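Position in the sequence shown (first residue = 1) + 477 = our numbering.
Hints may contain errors.
[Claimed, not checked] Think about it this way: if two alpha-carbon atoms lie no more than 25 Å apart in a straight line, the pair counts; the simulated DMTMM-like pairs of lysine to aspartate or glutamate are:
#1 539 to 669
#2 711 to 612
#3 686 to 612
#4 539 to 612
#5 686 to 669
#6 700 to 669
#7 700 to 596
#8 700 to 556
#9 700 to 612
#10 686 to 596
#11 686 to 637
#12 686 to 556
#13 700 to 637
These aren't lab readings, by the way, just hints derived from the structure by calculation. This structure is a prediction, so every number in the text was calculated from the model and none was measured.
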Amino acid sequence: MVVGPLRWLAAMTVVYTFLRHLLKISQLGGAIVRRTLASVLVAIVVCAAVPASAQGAAGAGKLELTIVPGGWLSFTQGEERPEPGFGQSLAGGTFTVNWSMVGIEAELFAAPGRPQNLDFGTRSVNQGSPMVVLDSVNLVVPLAGNSRTAVPYVTGGLGEVTIMRTSDNVLQPDTETLTAGSFGGGVKWYTEGRWGFRGDYRFTAVRSKFDAPGSFFGREFRKSHRIYGALVVKLISR
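Sequences are here, hints too, so could you generate the full structure?
In structure tokens form, the structure reads like this:
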């Protein structure tokens with residue numbers, strides 16, 4: 478049987494990535510990031526104190542894959558510098574390790590650029606936006622436990638937003654990776670078999686960099702909204 482070792486390997490990989498992000502964020506600092514980190518740590522303590530509920534056939538799997546065929550990512554416009562707001566579709570997936578009252582999730586998404594109107598202050602241009610790559614590790618807290626057919630949850634985590642270099646070298650002269658914190662929630666609905674469905678919303682705060690290249694993204698604190706519908710596969714059932 479290789480299920481046990483695979484489960485623990487997946488769990489340790491997620492935990493390692495989570496701790497790596499925690500270390501990076503704590504070194505960089507920032508009020509928004511510190512509040513996000515504090516919220517995640519408080520949630521860990523609270524969930525550790527809650528006794529595990531009985532496991533049943535319905536509900537979350539011990540190890541899950543979420544397949545996201547489509548969603549929408551929208552960044553708000555910068556408030557001080559003329560960095561434009563923009564939106565584009567995304568796709569990707571997540572791996573989640575679940576316990577009775579908590580889960581840890583690693584996610585990766587890509588949002589390809591598309592032609593759209595971009596407002597640089599009072600100047601508006603129609604141009605293709607860069608591709609955006611999102612990666613993060615999140616704590617997922619089911620509001621009524623993981624052993625139900627419908628599982629509403631809240632989630633928060635730490636990660637990175639990468640703005641890819643544009644081919645014309647105008648909007649984004651170089652690829653830039655920025656630290657981000659996110660929180661949100663959603664609902665998972667499970668069948669008695671290995672399948673389920675999921676709807677998720679996430680708010681993300683992206684930390685600025687003074688020396689970020691170009692005038693498109695990075696020199697100002699930015700906010701984004703993300704929503705998606707997805708298929709959930711129980712790789713390891715309860």
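Hint check results:
no.	hint	in the structure
1	539 to 669	holds (14 Å)
2	711 to 612	holds (21 Å)
3	686 to 612	holds (18 Å)
4	539 to 612	holds (22 Å)
5	686 to 669	violated (47 Å)
6	700 to 669	violated (38 Å)
7	700 to 596	holds (16 Å)
8	700 to 556	holds (10 Å)
9	700 to 612	holds (16 Å)
10	686 to 596	holds (21 Å)
11	686 to 637	holds (13 Å)
12	686 to 556	holds (15 Å)
13	700 to 637	holds (13 Å)
This entry does not satisfy hints 5, 6, going by the numbered hints stated previously.
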